[in-house]
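Top to bottom, those sequences are chains A and B. Be aware that the first sequence starts at 36, since it is given in my numbering, and climbs by one per residue. Be aware that the second sequence starts at 78, since it is given in my numbering, and climbs by one per residue.
It is possible that some hints are incorrect.
Stated by the list, open to error - Only part of the chain B face toward chain A is listed, based on derived beta-carbon distances under 7 Å: (1) Glu81; (2) Leu85; (3) Tyr104; (4) Ser110; (5) Asp112; (6) Cys140; (7) Ile144; (8) Ser147; (9) Asn174; (10) Asn223; (11) Glu309.
Rather than coming from a laboratory, the hints here were simulated on the basis of the structure. Glycine residues also receive a C-beta, built at the ideal position from the N, C-alpha and C atoms.
Single-letter residue listing:
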Amino acid sequence: MSLNANIPQGPLAEKWSKHKFNLKLVNPANKRKYNVIVVGTGLAGASAAASLAELGYNVTAFCFQDSPRRAHSIAAQGGINAAKNYQNDGDSVYRLFYDTIKGGDYRAREANVHRLAENSVNIIDQCVAQGVPFAREYGGLLDNRSFGGAQVSRTFYARGQTGQQLLLGAYSALNRQINLGKVKMYTRHEMLDVVMIDGHAKGIVTRNLVTGAIDTHAAHAVLLCTGGYGNVFYLSTNAIGSNVTAAWRAHKRGAYFANPCYTQIHPTCIPVTGDHQSKLTLMSESLRNDGRVWAPKTVEIAKKLRNKEITASQVKEEDRDYFLERKYPSFGNLVPRDVASRNAKDMADEGRGVGTSGFAVYLDFADAISRMGEDTVRAKYGNLFDMYYQITDENPYKQPMRIYPAVHYTMGGLWVDYNLSTNVPGLYALGECNFSDHGANRLGASALMQGLSDGYFVIPYTLGDYLATIGPKPVDKNHPAFAQTKQDVLDNVNKLLSLKGNKTVVEYHRELGHIMWEYCGMARSKEGLTKAKAMIKELKADFWKNAVVVGENEELNLSLERAGRVADFIELGELMVTDALMRNESCGGHFRIESQTEEGEALRDDENYAFVAAWEFKGENQEEELHKEELVFENVKLTQRSYK
Amino acid sequence: MSHENMNLTLKVWRQKNTQTPGKFVTYKAEGISPDMSFLEMLDVVNESLIKKQEDPIHFDHDCREGICGSCSLYINGRPHGPKRAITTCQLHMRSFNDGDTVTIEPWRSAAFPVIKDLATDRSAFDRIQQAGGFISVNTGGVPDANSTPIPKVVADEAFNSATCIGCGACVAACKNASAMLFTSAKITQLGLLPQGQPERWSRVQAMVKQMDKEGFGNCTNTGACEAECPKEITLMNISRMNNDFFSAKLFREEHTHDHSGNG
């Protein structure tokens with residue numbers, strides 16, 4: 036199958052406008068003859084479901100949580116970027132485009148990223164109209180702050196709960212359409228397969244998580260808005276339920292998986308305390324606006340700190356190394372996430388890490404508190420400080436925070452073209468579920484932007500073109516593909532339920548996480564990745580022999596749910612390692628130790644690797660096949676990223 | 078880090094499904110680190126149950142950082158446990174002592190039927206929001222975000238109401254199982270903002286009507302909801318809602334319309 040990204044011709048700034056004009060339209064009276072399935076109700080899913088229903092399509096939406104409002108977009112803290120230039124500080128659509136392309140280390144499509152920057156301004160307008168209470172200044176206008184990887188203030192925010200407020204906005208738009216009968220909402224339903232007819236996606240199979248009922252649902256198109264796969268690392272900032280299952284099952288039905296090895300390790304998370312830990316908590320990147328990152332200058336001082344012989348505030352100014360400010364004077368503490376994370380890791384590797392484990396550095400607000408006063412700091416970051424205090428039992432107003440990188444976001448995902456269509460006609464992927472806009476590293480405050488751009492302002496246009504092409508003829512639910520796919524799902528469920536070994540699926544998950552973090556985390560090597568691949572294969576075989584799953588299908592069964600998700604994570608883990616092994620260059624969050632500059636920065640190889648790696652599933656236990664989409668840069672010049 | 082590992086006795090509500098009566102079952106939670114969250118402690122218990130091929134304790138949870146509103150649990154007679162202004166997932170075991178007996182129950186309200194063990198059906202909350210918890214704007218064609226300045230104090234006040242996570246602690250805490258704190262938070266958020274004015278009177282009537290239909294009780298100003306709300310939503314919201322509700326009834330009947338969006 037050819038890999039055509041369907042990028043429109045013409046100058047960059049005109050591509051999207053022209054494309055919107057060239058797309059086919061479905062006439063208003065015909066829209067109600069089409070059914071669209073939306074899986075997932077985070078920012079991308081809720082905004083898509085609401086917007087499509089407003090246009091007149093019949094939408095059926097699904098989420099595995101007990102309410103659409105609980106999707107993990109809710110947990111995003113810092114903010115959402117938009118090229119409004121309200122601050123008069125030199126921002127523009129082109130600058131947001133440029134920062135995002137550069138921040139992604141030149142591994143994203145120019146056309147997609149420019150469209151994202153164009154849509155960013157509409158998103159803010161839309162959210163304000165819905166009643167999203169963004170932060171405001173005393174004059175009543177919207178406030179902005181700056182975020183990593185940018186030198187302008189373009190981030191809109193709602194205290195440290197921006198994701199919550201944006202999601203509740205999209206949820207309210209969704210609720211309005213549910214009330215109008217245009218969206219049928221299924222909660223506590225998990226998608227377990229895609230139904231394919233003549234090469235097109237025509238429906239899905241779901242499991243009702245309360246009753247265990249396995250059902251089929253037919254539609255003219257299926258939109259996967261199911262988020263990222265960071266939980267492949269077991270410990271991440273994702274919610275416990277976040278999983279790759281919907282995307283992975285679609286992958287196994289033919290949808291290509293792109294750049295799976297591009298994962299974002301966020302620099303400022305609360306460090307791990309022990310084996311019991313079930314998840315990691317992010318401390319918003321916005322903290323780096325006022326907090327200063329440092330580690331002790333010497334291993335000796337670090338040792339004393341680790342043994343609690345001295346406290347952080349007792350370390351003299353001249354014994355502190357503000358390593359980001361030292362190495363990157365122009366961006367300082369606001370370097371992009373991948374750069375900040377790698378530098379923190381270097382500190383720990385050199386023995387200069389702090390905390391009991393030595394896997395932490397400091398994020399210090401003492402200067403900010405003396406400059407602005409504690410009250411101002413509290414007003415800006417109070418909820419984050421409280422969260423830190425709750426978890427660590429340490430007061431960050433008195434002691435610097437201890438932070439360490441943690442898995443936070445996955446730039447890879449299902450391959451989509453410019454229209455957000457996967458290579459499977461009728462199957463679309465939106466938001467973090469797709470691979471499209473962030474290249475090899477996502478800038479802060481861009482995930483919310485992308486989710487809402489895809490849902491509010493891209494899919495309502497591009498989906499119509501496909502629907503107009505296939506026509507409104509109802510999907511035949513009696514087609515044998517529905518019964519067959521349902522049977523496949525049942526077989527898989529029964530296979531999982533038959534596992535009566537002695538190791539829990541959580542234990543397998545934790546083991547997978549250790550492998551991924553160790554060999555496919557912040558630094559990767561050929562040797563380590565090769566080893567990891569063998570280990571994952573072994574883990575998979577062991578899982579299907581020795582795992583234990585309890586209970587039955589016809590009930591709420593957390594053991595069964597988790598088992599299916601972990602089984603998929605194990606398979607994905609192997610593909611991530613394969614992808615990381617293939618990409619013998621460093622770029623963004625993917626750091627191959629074989630490919631670095633003299634100063635230890637990521638060294639890209641544009642000659643050989645300026646492409647999107649899209650992987651095709653070839654059958655159980657077969658090597659996946661690589662398809663390449665060459666990235667063409669007509670507007671930006673590829674340079675070594677510098678934040679110095 | 079604060080002290081040594083603990084051993085606890087748990088009395089947990091177990092119920093197979095909505096139809097089957099439930100009962101308390103006693104479990105031992107051993108070697109619990111004070112750094113664990115409460116849910117991580119339950120994870121430990123569940124892992125040992127699964128190892129014995131027994132059914133784990135079911136409870137709702139997801140983000141584990143206090144924002145998704147999934148987790149619930151009545152712990153020793155209080156929603157979200159003994160500490161103020163946090164959710165169960167933010168409660169750490171350092172709040173307990175070695176040898177403690179901890180009683181864990183689901184939310185108790187006829188409007189939140191138990192699905193299994195500690196997991197309840199809170200879809201009534203969604204239906205209240207669907208009845209009117211929105212501003213009727215379609216995607217696109219909206220004015221520039223800065224075209225309507227909103228005083229910072231008003232925006233901040235609206236934000237305070239908007240922080241509701243829909244967990245249901247207010248209902249669980251209330252002796253009348255009233256959902257008025259939850260319902261009023263959305264009504265207040267949208268009612269304070271200029272964007273929310275066109276539907277202010279119809280919204281309050283539609284949402285209150287749905288709230289009553291779901292079988293939630295009435296407010297008698299006890300204030301348990303406010304005391305137990307993990308996001309510290311105040312009773313002022315209920316006052317505002319009542320005010321709007323009576324204004325709508327007495328003076329604004331002509332401005333209200335059927336909130337189906339067709340009006």
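A quick look at each hint next to the structure:
Taking 7 Å as the C-beta cut-off, the interface hint given for glutamate 81/B is violated, the closest approach to chain A being about 13 Å. Look at leucine 85/B: its Cβ only gets to about 14 Å from chain A, farther than 7 Å, so that hint breaks. Look at tyrosine 104/B: its Cβ only gets to about 16 Å from chain A, farther than 7 Å, so that hint breaks. Satisfaction of the interface hint for serine 110/B is found here, the shortest Cβ-Cβ separation to chain A being roughly 6 Å, below the 7 Å cut-off.
Among the interface hints, the one on aspartate 112/B holds; its C-beta lies about 5 Å from the nearest C-beta in chain A, closer than the 7 Å criterion. Restraint check, cysteine 140/B versus chain A: the minimum CB separation of about 4 Å is within 7 Å; hint holds. Because the closest C-beta pair between isoleucine 144/B and chain A is about 5 Å apart, less than 7 Å, the hint holds. Here the hint on serine 147/B is kept, as its CB sits about 5 Å from the closest CB of chain A, short of 7 Å.
Given hint, asparagine 174/B at the interface with chain A, is violated; its Cβ is 15 Å from that chain's nearest Cβ, farther than 7 Å. Annotation: asparagine 223/B was flagged as interfacial toward chain A, and the flag holds, the nearest CB pair being 5 Å apart, inside 7 Å. Using the Cβ-Cβ criterion of 7 Å, the hint placing glutamate 309/B at the interface with chain A is not satisfied: the shortest such distance is roughly 11 Å.
In summary, the numbered hints that this structure violates are 1, 2, 3, 9, 11.
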